[in-house]
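Student: One-letter residues, chain by chain:
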Amino acid sequence: MTPVLLKRRFKAMGGPCELNLWLDPGEPVANQALFSQLESELGRLEAKYSRFQSHSLLSQINRGEWNNRALDAETCGLLNYIDHCFELSCKLFDPTVGILRRVWDYSRSELPDPVALGRLMPSIGWPKLAWTGHHLRLLPGMELDFGGVVKEFAVDRLVVILKQQGVSGLVNLAGDIGTSALQPGDRPWQVAMRHPRHTQTALATLDLAIGGLAGSGDYERFITVAGRRYSHLLRPDTGFPPVDGLAAITVLADSCLMAGSVATIAMLAGPTLAEQTVQAWLDEINIPYLAVDQTLNVFGSIKVNG
Amino acid sequence: MNQKLKLLAQSAFAIPGMIATAHAAGPAATEAAYRYSYYSEDDSPAARDDSGGAQDRYKIQVHQFHLLTPLTDKLALTVEGSYETMAGASPVYTYVPAGEDTVYTHFSGASQEQRYDLNVSGRVYGSTSDLGVGAYVSVERDYLAVSGSVDGSIALNDQMTTVSGGVSGGYDLIEPTSAYEAGSTAQAANEPARFGASGQSKWQVSVFEGVGQIIDMNTAVQANLAFTYKNGYLSDPYRDCPHAENVPCDIRPSTRAIGILGLGLRKFLPSLNGALHADYRLFVDTWDVASHTVDVDYYQNWAPNWRLFTANDIKFQLSPGIRYYLQSSGYFYEVPDLNDSIGGQVYNTDTSRYYSSDPRLAQYGAIALKTRLRVDFRQFSWVGALERYVANPEFGFNSSEIPGLPTFWRFTTGLDYRF
Amino acid sequence: MIMKSAVLVLSLLILSGCSTVSPWQRGTLAKPEMRWSPDVLESTLDGHIYFAKEASSGGGSAAGGGCGCN
Numbered sequence: 001m002t003p004v005l006l007k008r009r010f011k012a013m014g015g016p017c018e019l020n021l022w023l024d025p026g027e028p029v030a031n032q033a034l035f036s037q038l039e040s041e042l043g044r045l046e047a048k049y050s051r052f053q054s055h056s057l058l059s060q061i062n063r064g065e066w067n068n069r070a071l072d073a074e075t076c077g078l079l080n081y082i083d084h085c086f087e088l089s090c091k092l093f094d095p096t097v098g099i100l101r102r103v104w105d106y107s108r109s110e111l112p113d114p115v116a117l118g119r120l121m122p123s124i125g126w127p128k129l130a131w132t133g134h135h136l137r138l139l140p141g142m143e144l145d146f147g148g149v150v151k152e153f154a155v156d157r158l159v160v161i162l163k164q165q166g167v168s169g170l171v172n173l174a175g176d177i178g179t180s181a182l183q184p185g186d187r188p189w190q191v192a193m194r195h196p197r198h199t200q201t202a203l204a205t206l207d208l209a210i211g212g213l214a215g216s217g218d219y220e221r222f223i224t225v226a227g228r229r230y231s232h233l234l235r236p237d238t239g240f241p242p243v244d245g246l247a248a249i250t251v252l253a254d255s256c257l258m259a260g261s262v263a264t265i266a267m268l269a270g271p272t273l274a275e276q277t278v279q280a281w282l283d284e285i286n287i288p289y290l291a292v293d294q295t296l297n298v299f300g301s302i303k304v305n306g
Numbered sequence: 001m002n003q004k005l006k007l008l009a010q011s012a013f014a015i016p017g018m019i020a021t022a023h024a025a026g027p028a029a030t031e032a033a034y035r036y037s038y039y040s041e042d043d044s045p046a047a048r049d050d051s052g053g054a055q056d057r058y059k060i061q062v063h064q065f066h067l068l069t070p071l072t073d074k075l076a077l078t079v080e081g082s083y084e085t086m087a088g089a090s091p092v093y094t095y096v097p098a099g100e101d102t103v104y105t106h107f108s109g110a111s112q113e114q115r116y117d118l119n120v121s122g123r124v125y126g127s128t129s130d131l132g133v134g135a136y137v138s139v140e141r142d143y144l145a146v147s148g149s150v151d152g153s154i155a156l157n158d159q160m161t162t163v164s165g166g167v168s169g170g171y172d173l174i175e176p177t178s179a180y181e182a183g184s185t186a187q188a189a190n191e192p193a194r195f196g197a198s199g200q201s202k203w204q205v206s207v208f209e210g211v212g213q214i215i216d217m218n219t220a221v222q223a224n225l226a227f228t229y230k231n232g233y234l235s236d237p238y239r240d241c242p243h244a245e246n247v248p249c250d251i252r253p254s255t256r257a258i259g260i261l262g263l264g265l266r267k268f269l270p271s272l273n274g275a276l277h278a279d280y281r282l283f284v285d286t287w288d289v290a291s292h293t294v295d296v297d298y299y300q301n302w303a304p305n306w307r308l309f310t311a312n313d314i315k316f317q318l319s320p321g322i323r324y325y326l327q328s329s330g331y332f333y334e335v336p337d338l339n340d341s342i343g344g345q346v347y348n349t350d351t352s353r354y355y356s357s358d359p360r361l362a363q364y365g366a367i368a369l370k371t372r373l374r375v376d377f378r379q380f381s382w383v384g385a386l387e388r389y390v391a392n393p394e395f396g397f398n399s400s401e402i403p404g405l406p407t408f409w410r411f412t413t414g415l416d417y418r419f
Numbered sequence: 001m002i003m004k005s006a007v008l009v010l011s012l013l014i015l016s017g018c019s020t021v022s023p024w025q026r027g028t029l030a031k032p033e034m035r036w037s038p039d040v041l042e043s044t045l046d047g048h049i050y051f052a053k054e055a056s057s058g059g060g061s062a063a064g065g066g067c068g069c070n
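Protein chains in written order, with our numbering: chain A, 1 to 306; chain B, 1 to 419; chain C, 1 to 70.
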């Protein structure tokens, strides 16, 4: 039978998840098996890398149980990728900033106590973990957080499963998106980019072929103090969010992982990165993106559908 | 996409599971390779040479070429060829001369030969199966060999098990050199083997079956069985010897049936970033030759994390290995003792029909130590390899002397290119 | 020792009791150093030289081949 678009919505990885798959309605058993396979892969990654589960690999790492012990291939691959992003971002993309959540409280409109923040800063710094490509060692007081990559990686994993089954679908994990193929009739998928200040409306809709899309914005979680917005993206050098950076950015890439990392780096950079403006940096690496700055000026290389 | 982004993409796709690899798709890239090898046998001991001097034994230089091209995403073509030059003396016959009590070897005069060969094959890939067809030809001044083969494989059981099989057939034509003089009674008398081998041929048929099994994400094993049947002129035409009139020098049965069992293990050791290979081959045939071969190799990877190396994809791989070979003698192998000649008869009666003193049919063992180094640089790889091979009757639990066994060094260097 | 391993391998094949290694876990098995023959030209030359110098031949693949024997 001709495929129809079947949707599944559920919660995973701390947020809303949506699977849109073109499936043959005459094969309910096979379709359910596929959905189960996708959900169990999400569950596997969550159980492995969630800092909220005390038995997760990440929690074990953070307790020091994996110091100087060779980690598995998947974790090594992710950490090597994070290491690469650390270098590419001029040390801004840092998986050890998670401990700052102890002093940044987004439910109140207060900046963190500078003394408390100052005491945490020495425990931040990816190079201090001495990553060798196979093992690392966590110093007391430090914490590793895969939050910057695991959701995007999960999107890519689910897309790989869809590709292996020959299914065209779109995976959306709280705004991190991946597609395995064009829709039937070779039509692209349509994705809306949220307006950073009027968050219930779309700034633009984009055509997505095969690949990943990820975005970041200062509207996702923030506090406002004395008329200034402080977002949830914290820099490892200051302990504060970037000043005068972008309001939002959406990036397209072959994988959601790459799209997400580039988006995060562009947001953390503030106005400049590697002695260039963020816009020049993005244009130089030649990746499709759409960005909004603090004056709500929209720019970027993606063609928009208005 | 600029270089920075390309490198980031490589890091992303190096994470296991980021690339869909379900289908046993055909190869994606074209690869070309060249190897130069130099093989040199140790000089034979003067004390065991009936000419009284040490012989400059065999030296071979080989140039090998390989090209694999995907023609479509389901069809690939492979072309391989080699050019070989050979020079040096080789053992012709082994015996105990009259008046001596030790074994001597007689060597042929040094010769210079060349050999060319070419192998062309095509393979079609399905989602869980493949089928290949190949043709092969080898040409030397005195020898022409042609063969063809068909083989295929199917992946079952969630692609955890692979079953493969194939058949092949070959035909060889022998035209021993030092010009054949048709109708020459002198040559027929003095070089009976060479004279008799002119225009001789042999054919062979082979069938094999194999099963491969993935045990876990780091381990795979394989077992295979092969049967070969050969028919025709299987003797060695260069082994004319002057022991006595009507003394055959190398006359082997005209048929040979062979059975081979092979077992293999490949295990990756993630904490060491290395792979262990172990292979065993059991060989039995109707000439009573039985052999065991054990091959163990370890491939150690090293990819330094410094900027220059990661930016250019520079990686190293060192792989030492050891091979142990043990064979029993063919039933018609004998080293004649000319002191025992009774009434012109120099052999035991059960070798009067077939006979050979070729050291390759004796009971002996051989140990080879080898090491290989591979350096990857972007799309290129340089390889270098060194091997030391020693064949010795004591390695085969044989207390006799076999002076003709080879001991050699082999050196290889080459380049691979993927595009 | 070798016979025990052979029996073990054969029984594994018969029972196929291995839990499936998912396609996305097969990155390691696809590495070049995990192939049955990591270097094709090296295997070809090995086969040629050992066949010319020993009484045994082959090892699982097709038959046929030149001589270069002496």
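Simulated from the structure, these hints should not be mistaken for laboratory data. Heads up, a few of these hints could be off.
Below 20 Å or equal to it, Euclidean Cα-Cα: the simulated EDC-like pairs (lysine to aspartate or glutamate) are [as the list claims (entries may be wrong)]:
no.	chain 1	residue 1	chain 2	residue 2
1	C	Lys31	B	Asp297
2	B	Lys6	A	Glu87
3	A	Lys163	A	Glu41
From the derived model, a few chain B residues whose C-beta atoms are all more than 10 Å from chain A [as the list claims (entries may be wrong)]:
no.	residue
4	Lys4
5	Ile19
6	Ala20
7	Ala29
8	Leu71
9	Gly99
10	Leu118
11	Gly212
12	Arg323
13	Tyr331
14	Arg353
15	Lys370
C-beta atoms are modelled at their ideal positions from N, C-alpha and C, and glycine is treated no differently.
Student: Determine for every hint whether it applies to the structure shown.
Tutor: Okay, the hints, checked on the actual structure:
Restraint check for lysine 31/C and aspartate 297/B: satisfied, since their Cα atoms lie roughly 16 Å apart, inside the 20 Å limit. Of the pairs offered as hints, the one joining lysine 6/B and glutamate 87/A holds, with about 14 Å between alpha carbons and a cut-off of 20 Å not exceeded. Proximity of lysine 163/A to glutamate 41/A is assessed by CA-CA distance (about 15 Å); at most 20 Å being required, the pair is judged to hold. The claim that lysine 4/B lies off the interface is violated: its Cβ sits roughly 5 Å from the closest Cβ of chain A, which falls inside the 10 Å cut-off.
With 10 Å as the threshold on Cβ separation, the claim that isoleucine 19/B sits away from chain A is violated: the shortest Cβ distance comes to roughly 7 Å. At roughly 4 Å from the closest C-beta of chain A, the C-beta of alanine 20/B falls inside 10 Å, breaking its exclusion from the interface. The beta carbon of alanine 29/B is kept farther than 10 Å from every beta carbon of chain A, the shortest such distance being approximately 18 Å. With 10 Å as the threshold on Cβ separation, the claim that leucine 71/B sits away from chain A holds: the shortest Cβ distance comes to roughly 23 Å.
Here glycine 99/B stays apart from chain A, with its beta-carbon at least about 68 Å from theirs, past the 10 Å limit. At roughly 39 Å, the least C-beta separation between leucine 118/B and chain A is larger than 10 Å, which holds for a residue marked as non-interface. The claim that glycine 212/B lies off the interface holds: its Cβ sits roughly 21 Å from the closest Cβ of chain A, which is beyond the 10 Å cut-off. No Cβ of chain A approaches the Cβ of arginine 323/B within 10 Å, the least distance being about 30 Å, so the stated non-interface status holds.
Annotated as non-interface, tyrosine 331/B keeps its C-beta farther than 10 Å from every C-beta of chain A; the closest such distance is 53 Å. Non-interface status of arginine 353/B relative to chain A is upheld: no Cβ of that chain comes within 10 Å, the nearest being about 61 Å off. In this structure lysine 370/B is separated from chain A by more than 10 Å, as the shortest Cβ-Cβ distance comes to about 28 Å.
Hints 4, 5, 6 from the list above are not met by this structure, while the remaining hints are.
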